[in-house]
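Taken in order, these protein sequences are the chains called W and B.
To convert a position in the first sequence, counted from 1, into this note's numbering, add 323.
To convert a position in the second sequence, counted from 1, into this note's numbering, add 2.
Fair warning: there could be bad hints in the mix.
Subject to a maximum C-alpha distance of 16 Å in a straight line, what follows is the list of computed EDC-like cross-link-like pairs (lysine to aspartate or glutamate) [stated by the list, open to error]: (1) B:Lys199 <-> W:Glu672; (2) B:Lys228 <-> W:Asp464; (3) B:Lys97 <-> B:Asp129; (4) B:Lys184 <-> B:Glu326; (5) B:Lys40 <-> B:Glu238; (6) B:Lys228 <-> W:Glu672; (7) B:Lys297 <-> B:Asp59; (8) B:Lys320 <-> B:Asp276; (9) B:Lys82 <-> W:Asp525; (10) B:Lys250 <-> B:Glu238; (11) B:Lys199 <-> W:Glu379.
Because the hints were derived from the structure by calculation, they are not lab data.
Keep in mind the model is a prediction, meaning the values are calculated, not measured.
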Amino acid sequence: MDFLNPVINGFAVVLEPTNLLYCLLGVVIGMMVGVLPGLGPAATIAILLPLTYNVEPVTAIIMLAGIFYGAQYGGTITSVLLRLPGEASSVVTVFDGYQMAKQGRAGTALGLASIGSFIGGTAAIIGLTFLAPLVASFALDFGPPEYTALAMLGILLVATISSGSKAKALIAAALGLLLATVGRDIFTGESRFTFGSLPLADGIDFVPIAMGIFGLGEILYNLEERHRAAKAPSKVANVWPSRKDLKQASGAIGRGSVLGFFLGILPGGGATIASMASYAMEKKRAKQPERFGKGAPEGVAGPETANNAAATSSFIPLLTLGIPANATMALMFGALLIQGVTPGPQLVEQDPELFWGVVNSMYIGNILLLIMSLPLVGIFVKILRVRAAILAPVTALITLLGAYTINNSMFDVTLVVVFGIIGYLMKKFGFEPGPLVLAFVLGELLESSMRRSLLVFGGDPLGFFGRPISATLLVVFVLVAVLPAVRTAIAKRKRNSTATTPAVTPDIKEKV
Amino acid sequence: MMHFPTRRTILGAASAVTLLALTACGNVAGGGTADSAKYPSGPVNLSVGQAAGGSTDLIARALAEGASKTLGQPMPVVNKPGANGALATKEVAGKPADGQELVLLNASLITITPLAVSADEAVNIDDLDIIAGLSQDDYVLVASAESGFKTFKDVTAAGRNVTFGTTGVGTGSQLAQTVLFKQADVKGTDIPFDSGKPALTAVLGNQVELATIQLGEAMPQIQAGKVAPLLVFSEERTSFLPDTPTAKEAGYDVPVAQYRAVAAPKGTPQEVKDKLLAAFQESFKSDAYKEFNKKNSLTPKEISGEEVVTEWKGYAAKYKELVEKYDISLSGNK
């Protein structure tokens, strides 16, 4: 079993004490930010990026990944107990989870969510294990033309990722592309938009942009919000669901795993969409749909399973193709780049320890989360008592200190502040920051790959269609361009049939 | 490793004050010696103009490890990437000349980069005191398996346009190949990549037929037989690839390699330079450092600072002449 050797070696990597420790650290931080409304996994990862500089790449990514999927667990707790979703991906859990809590079955709801999350996450890791090497077997066929097509696809998807206005998403993406052109033109050595400034000669670093827009921008924006003081949560007892509950929820968990896995792979998909799709599907399938919104266990188990499966499977496009599917993955991309690792088809081959170390750490992380989330619910809920007045300055300080340590440069700190203000203004005026950051990451790849391809083709753009992989990707590109129109049509039909769905609580803001 | 900015600033300020005080005393004989005798008065920072993990950074760390033992003070490596290393170099050149701030220099910054960038981005070697030369990192021309090229003769005989990858604009890789192809009258399309690794990957996947890459990077794939080494650009054959001819042997005049040296701000007292040189020489002698060089296919070139200046200036003039002779523009626009 040659194929399994690197997989098993990956476990050896995870079981090193340092990696185990960072995995635990990651999931605990993830769980905490999951509970805290106002601080999402993307912001947390952006803020903590500099902390990962001095550890091995695999250790760093294990921790960052832990933050991401840990947040999916944490978000559930407040949804169920306080009707306050800690994460956007736990919004639909509120409907039935809070009702169950009111009926004194909070423990059951949390238990089901944890078990579902665990199964969904694990199923997605298994999928990742088998799918990734398949994609990677094409690794060396990926040349500049293929990367051009992939980057184009990614940037097009930027528009579909956004949950708000498409026009605003495109504006943000265009700004991201523009920022990506700053610095030395790598083909001619010509300086672009540097205004004679030496620190800008190599372009703007990804990290200050991410830390500014996601980290500082998010902190500033949250200062405007006056969070309700946390009420004492309902008592949590008996977290182990009964056999009857499990039986009732098992179908939802199974379907949620599969649905979440596929929605997570789709660029532009992700945990939030997966949880909503799963809720809609469970409701549609149910024999008595009227039970939904009144404490149906499937309404908690399905979405919670799906969001974890999606959180895990969204690593597939990143680790195998080097295309980040959402804002959090764009940060992972950046984190890998700083570590000198370029995510892409070569990763599995060239860096099997990193790849399998990270993938396998997710098994361990999910087990840790399952163990933690049940008995420690009460402790995590207490985090809600930390006031924004204390949290905001502390996180801002950590962000700025971190920014300095990257290149020991005050210039980077200034950049973070500038992008923090931009990020704040963007949020305030309804521009999603995700498209900007994604377009920035992919912009450089797009430009250099396209120019390299054209050099190889001798300036003939038809060359892109002469290669099987790039041609296929370009066909997908066209399909995706048409997809939103199709989706709108379907949504219109759906809206007519599900007009009775309770409206999403309006005070829930989409977080990144 | 964390850096403590405040401490450094204070140290810097303190040394500046000391220096001022000394100047105020006038040029009393032995005045400088008294101060230098106490050298080093704290951590000696070794700046690197490249990101952590790259070959320049690794060399700095291997060197610092040995030298800090001899000096009895820590020698933290400070990465300040940007503008091919010009950023870090210019910053160190502006620091007080007390030996507490050093920089690891890449020869290409002095010899090749000025050919590709504007004058204000270029670094002048006369703004620095070179402490010691370190090693030579050779470039090798490799061909993909599918290209069928086994020797450089195959390339010249092919009589067609070949695609070749470089490790970027203004690098030795670009200079070596463009000059070589002009001299050999081979038509080629120059495709710049961001660094050695993606260029090598492109050759592995036959996205480009040829590329010139640093030996240490290409070695594993050469040994695995995945790419064929055609030429090395060193003046003499390298001990790591004894069967690969040099460009010179093949009849071309294009000696290009990456050299590295340690430098301090201009005007560093001679006693301080001597102490540093002694510490580095101690480092050179250690088995760990020798093993490091071998592992990374680096040929030791532990020459004096004066020799470094003469050699690098020689190469800079030579490259300028070659570029002008063959009407090559390193910044594209061909």
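- So which of those numbered hints doesn't the model satisfy? 5, 8, 11
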